[in-house]
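> Protein sequence lines correspond, in order, to chains A and B. For the first sequence, the numbering used here gives the first residue as 1, with consecutive numbering after it. For the second sequence, the numbering used here gives the first residue as 1, with consecutive numbering after it.
Among the hints, erroneous ones may be present.
[Stated by the list, open to error] Derived, one-sided and incomplete: chain A residues facing chain B with beta-carbon distance under 8 Å:
| no. | residue |
| --- | --- |
| 1 | 31 |
| 2 | 36 |
| 3 | 40 |
| 4 | 68 |
| 5 | 71 |
| 6 | 72 |
| 7 | 94 |
| 8 | 98 |
[Said to hold, decoys possible] Counterexamples of contact, computed for chain B against chain A with all Cβ distances above 12 Å:
| no. | residue |
| --- | --- |
| 9 | 2 |
| 10 | 7 |
| 11 | 9 |
| 12 | 29 |
| 13 | 48 |
| 14 | 53 |
| 15 | 54 |
| 16 | 55 |
[As the list claims (entries may be wrong)] List time: in silico DSSO-like cross-link candidates among lysine-lysine, alpha-carbon distance up to 27 Å:
| no. | chain 1 | residue 1 | chain 2 | residue 2 |
| --- | --- | --- | --- | --- |
| 17 | A | 69 | B | 32 |
| 18 | B | 11 | A | 197 |
| 19 | B | 11 | A | 16 |
| 20 | A | 156 | A | 124 |
| 21 | A | 156 | B | 11 |
Source of the hints: derived by calculation from the structure; they are not laboratory data. Where a beta carbon is used, it is the ideal one built from N, C-alpha and C, also for glycine.
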Amino acid sequence: MSAKELSQDSWQLYGKAFNSRLLVGTALYPSPQVMQDSIRASGTEIVTVSLRRQSPESGGGSSMWEFIKELGCAVLPNTAGCRTVKEAVTLAQMSREIFQTPWIKLEVVGDDYNLQPDPVATLKAAEQLIELGFEVFPYCTDDLVMCQYLRDAGCKVLMPWGAPIGTGRGLMNPYALQTIRERIPDIPLIVDAGIGKPSHAVQALELGYDGILLNTAIAKAVDPVLMASAFRSAIETGRQSYLAGSMPERQTAQPSTPTVGTPFWHQSK
Amino acid sequence: MITIHVNSEAKQIDNSSSIAEALTAWGYQSEKIALAINGEFVPRTEYNDHYFQAGDQVDVVAPIQGG
Chain A
1 MSAKELSQDS WQLYGKAFNS RLLVGTALYP SPQVMQDSIR ASGTEIVTVS
51 LRRQSPESGG GSSMWEFIKE LGCAVLPNTA GCRTVKEAVT LAQMSREIFQ
101 TPWIKLEVVG DDYNLQPDPV ATLKAAEQLI ELGFEVFPYC TDDLVMCQYL
151 RDAGCKVLMP WGAPIGTGRG LMNPYALQTI RERIPDIPLI VDAGIGKPSH
201 AVQALELGYD GILLNTAIAK AVDPVLMASA FRSAIETGRQ SYLAGSMPER
251 QTAQPSTPTV GTPFWHQSK
Chain B
1 MITIHVNSEA KQIDNSSSIA EALTAWGYQS EKIALAINGE FVPRTEYNDH
51 YFQAGDQVDV VAPIQGG
């Protein structure tokens, strides 16, 4: 694949084309400046944001939001912290009004220990939100059948987890993720949560995933800006590797150097 | 006067105040926030015509960073 073809390897999310396959969260950075520098270094075109209760003294919105707007990225609001269908739907409606986007990263937590998404509530909320005109990015587990239900409900992007949020453990179940990719080949799949290192991102892209959504892996790195740059390279590497197609694995060794004409062969026993 | 709860904090307001008037009195800039009453979203277009009821639980939210 030529450099020109690679530069045209864009993808679409609900009809909008993007070149970067990395979506980045805006939380947990040591400072607003580091957040801005990291997000720029990552090359992302989409950042995640949220809503929280605000006192009048704040003027309506934290100063961090002003820094986020300066980046000029598309915003993907989340429903982080919601535990019921009603909470998620209400917060999504509030997000749409403030952020002026039909996009919503749907998160409905079912268990506080590992912040595992509630599959039943996520599906019900997705159905209601789609009915209300939202374009839903559901955060879900790596359960194939659940992903199929979400797709059938009208989600045109799916975001199964690699591992629980903030753990940085990478792809805990590559088999399950690969199965989802094979069974749902026709819509974008994004690994959301659990990515800790650029090598995890490479692995996900090599499985055929279309993109990665992460936050903590960059924000909590020792050098967030450098790590953001590393993830940018990893995403490109993983995508190129997937497009190139890796060699078939073999159980036994096979010499790479030609054996014909090997010297001294007659001396061996 | 009636008592409502805004972000879990009790507030006394005149029961003839619209949402728009109450938000202004509390110091909110309505274009930067979104509002729900008793868990139900109230769009900005209804702020002038909607009135609080005693005991209402009001959530006022604004943008922050998120993952």
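> Grab the minimum C-beta distance from residue 98 of chain A to chain B and call the hint holds if it beats 8 Å, violated otherwise.
Where the cut-off is 8 Å and the nearest Cβ of chain B is about 5 Å from residue 98 of chain A, the hint holds.
> Is it the case that residue 53 of chain B keeps its Cβ farther than 12 Å from each residue Cβ in chain A?
holds, 18 Å
> Take a quick look at residue 2 of chain B and tell me if its Cβ sits farther than 12 Å from every Cβ on chain A, holds or violated.
holds, 19 Å
> Is the claim that residue 29 of chain B lies outside the interface with chain A correct, judged by CB distances over 12 Å?
violated, 5 Å
> Does residue 72 of chain A hold up as a contact with chain B if the rule is Cβ-Cβ below 8 Å?
violated, 15 Å
> Should the interface hint for residue 36 of chain A be scored as holding, given a Cβ-Cβ cut-off of 8 Å against chain B?
violated, 11 Å
> Hey, does residue 48 of chain B actually stay past 12 Å from chain A on C-beta?
holds, 15 Å
> Residue 11 of chain B and residue 197 of chain A: Cα distance at most 27 Å?
Roughly 48 Å between the alpha carbons, so the hint for residue 11 of chain B and residue 197 of chain A is violated.
> Could you grab the alpha-carbon distance between residue 69 of chain A and residue 32 of chain B and see if it respects the 27 Å cut-off?
Within the cut-off at roughly 13 Å; holds.
> Quick check for students: does the CB of residue 9 of chain B sit more than 12 Å from each CB in chain A?
About 9 Å separates residue 9 of chain B from the closest Cβ of chain A, which leaves it inside 12 Å; violated.
> Given the proposed pairing of residue 156 of chain A with residue 11 of chain B, does the C-alpha separation stay at or below 27 Å?
violated, 43 Å
> Is it the case that residue 54 of chain B keeps its Cβ farther than 12 Å from each residue Cβ in chain A?
holds, 21 Å
Hints 1, 2, 3, 5, 6, 10, 11, 12, 18, 19, 21 from the list above are not met by this structure, while the remaining hints are.
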